[in-house]
Amino acid sequence: MKNLTEQEREKKFQERIDRGEIIEPKDWMPERYRSQLIRMMSQHAHSEIVGMLPEGNWITRAPSLKRKAVLLAKVQDEGGHGLYIYSGTETLNISREELVGEFLSGKAKYSSIFNYPTLTWADIGAIGWLVDGAAIVNQTALAKCSYGPYARAMVRICKEENFHHKQGYEILATLMKGTEGQKAMAQDAVNRWWWPSLMMFGPSDKDSPNSAELMRWKVKRFSNDDLRQRFIDRTVPQADNIGIKIPDPMLKFNETTSHYEYGPINWEEFYNVIKGNGICNRERMKARRAAHTDGRWVREAAEAYAKKQTAKGIEA
Amino acid sequence: MNSTEWPLWEVFTQKKSGLPFEHAGCIHAPDKEMALLNARDVYSRRNEATCLWVVPSGAIVSSTPDDMGSFFEPANDKIYRHPNFYKTPGANFD
Ligand SMILES: [Fe+2]
Ligand SMILES: [Fe+2]
Numbered sequence: 000m001k002n003l004t005e006q007e008r009e010k011k012f013q014e015r016i017d018r019g020e021i022i023e024p025k026d027w028m029p030e031r032y033r034s035q036l037i038r039m040m041s042q043h044a045h046s047e048i049v050g051m052l053p054e055g056n057w058i059t060r061a062p063s064l065k066r067k068a069v070l071l072a073k074v075q076d077e078g079g080h081g082l083y084i085y086s087g088t089e090t091l092n093i094s095r096e097e098l099v100g101e102f103l104s105g106k107a108k109y110s111s112i113f114n115y116p117t118l119t120w121a122d123i124g125a126i127g128w129l130v131d132g133a134a135i136v137n138q139t140a141l142a143k144c145s146y147g148p149y150a151r152a153m154v155r156i157c158k159e160e161n162f163h164h165k166q167g168y169e170i171l172a173t174l175m176k177g178t179e180g181q182k183a184m185a186q187d188a189v190n191r192w193w194w195p196s197l198m199m200f201g202p203s204d205k206d207s208p209n210s211a212e213l214m215r216w217k218v219k220r221f222s223n224d225d226l227r228q229r230f231i232d233r234t235v236p237q238a239d240n241i242g243i244k245i246p247d248p249m250l251k252f253n254e255t256t257s258h259y260e261y262g263p264i265n266w267e268e269f270y271n272v273i274k275g276n277g278i279c280n281r282e283r284m285k286a287r288r289a290a291h292t293d294g295r296w297v298r299e300a301a302e303a304y305a306k307k308q309t310a311k312g313i314e315a
Numbered sequence: 000m001n002s003t004e005w006p007l008w009e010v011f012t013q014k015k016s017g018l019p020f021e022h023a024g025c026i027h028a029p030d031k032e033m034a035l036l037n038a039r040d041v042y043s044r045r046n047e048a049t050c051l052w053v054v055p056s057g058a059i060v061s062s063t064p065d066d067m068g069s070f071f072e073p074a075n076d077k078i079y080r081h082p083n084f085y086k087t088p089g090a091n092f093d
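Note that the protein sequences, when read in sequence, are chains A and B. Letter by letter, the first sequence follows residues 0 to 315 of numbering that gives the first Met the number 0. Letter by letter, the second sequence follows residues 0 to 93 of numbering that gives the first Met the number 0.
Everything labelled a hint here was simulated from the structure, so no lab data went into it. Computed from a predicted model, the values in this text were never measured in an experiment. Treat the hints with care, as some may be off.
[To be verified] To be clear about the criterion: a stretch of chain A counts as covered by chain B if any three or more of its residues have a C-beta under 8 Å from a C-beta of chain B, and this derived list gives those stretches:
hint, segment
1, 20–27
2, 73–82
3, 295–308
Ideal Cβ placement from N, Cα and C applies to all residues, glycine included.
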C-alpha cells in the first residue's frame, strides 16, 4: 500500500470492512476511524471505572457476607473491564496517561447512567439486572465490531457480564419473595432505573450524529433503537416472572411484530445529565479525582522500588 | 498528574498445561513482579490461566501488515508440504 493516495487507501480500507475483515492496530486506517474509536472506547472505559462508584457505595452495607463477597467481585470485574478497554484503546496510539487525563479534566464523557444515586439495597439488584442487562446487549453487538482489540475485549467482558446480570436479578427476585416493605423497595428501585437504562442505548439514530459513519465502518452493527428494542423484549418477561411492574403505562406486547411497544423516553433528562446536571455528576468526578490523587504515593512507591531493584543489579 | 507512565507489558495466558500461550491484552506495571500480579488480577480472575507470561511490549518484534504479501509469499507455492498433495489410491490413512 505504499504509493497510494489517501482516497485510494480509504477505498481499500472500506473494501476490507465490507468483506468483513477485522482491522488490527498496525493496519492502515483513516484518521477519523482512529479518532472515533478512541472517543468511543475511552468513553466506554471511563464508564466502567465510574461504574464502580454507585455499587461500591453498598459494599460495606450489603445484607449478608455472601452478598458482600458477590458485590465485591462484581465491582472488581468492572475495574477489570475498564482496564481491558483502556489497553485496547492504547493500541490506537494514545497513552493511558492521556486517556485518564482527559477523563479527570472532565473533557471526556462517560455513560450518564452512573450519575444516578443508589438509594437502597434494591438498587444493587436493579443495576445488575437492568444496567448490566443493557450493557450486555450493547457489548454483544460491539463484540462483532471491526476493530480487533475492541471486539476481543468485548468477548471477554460479555462472559463476565452474565454473572453481573444474574446476581442482580436474583437480588430482586429474593426481595420480591419477602415482606411488603421489601417488595415495595424492589419496585421502587426498578421505577427509578428503568428509564435511565433505556437511555443507555443513546438517542434514536436519526438524532445520533455519528451513527451512519460508525455503521459504515462496522464499528456499530445495529441501530440504537434496535438494541433498545432487543433489551426491552428480553427484559419484560423477566420482570413478569418475579412480579415486578415495568413503570411504563404504554408498554404492551404487539402480537403482529412480536415486540413490545413502549412509551416516549424523556430525552431532555438524558441531555441534561450529559451536560453535567445529573444528581451525582459532581460527586462522581470528585471521587475519581480523589482516588487518583490519593493513589499517587502508591504509584510513586512502586516506581521507587522498581528503580532500586534495577540499581541493585536485580533486573527489574 | 504523574509525568511518567509505567511501562507497558503484553500478557499471555495458558489455559491448561499442555495448551499454547495466547495473547490476552496489556497491562502497565513498574517491574516484572508487579506485571505478573497485575496480569493475574486483570486477565485471570476466573482461572482463565494456569500460567502467565508478561513481556515488555517493546520487546515484541512483529511483521507489518504491508509485508503480508511478500513476507509470507515463500509458503504460497509449496502445496507439496500438505498431505493432501499426495495421491494414495486404495490405501487407508485415516
Ligand atoms: Fe462492565
Ligand atoms: Fe457489569
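Indices of hints not satisfied (ascending): Violated hints: none at all, because every hint is consistent with the structure.
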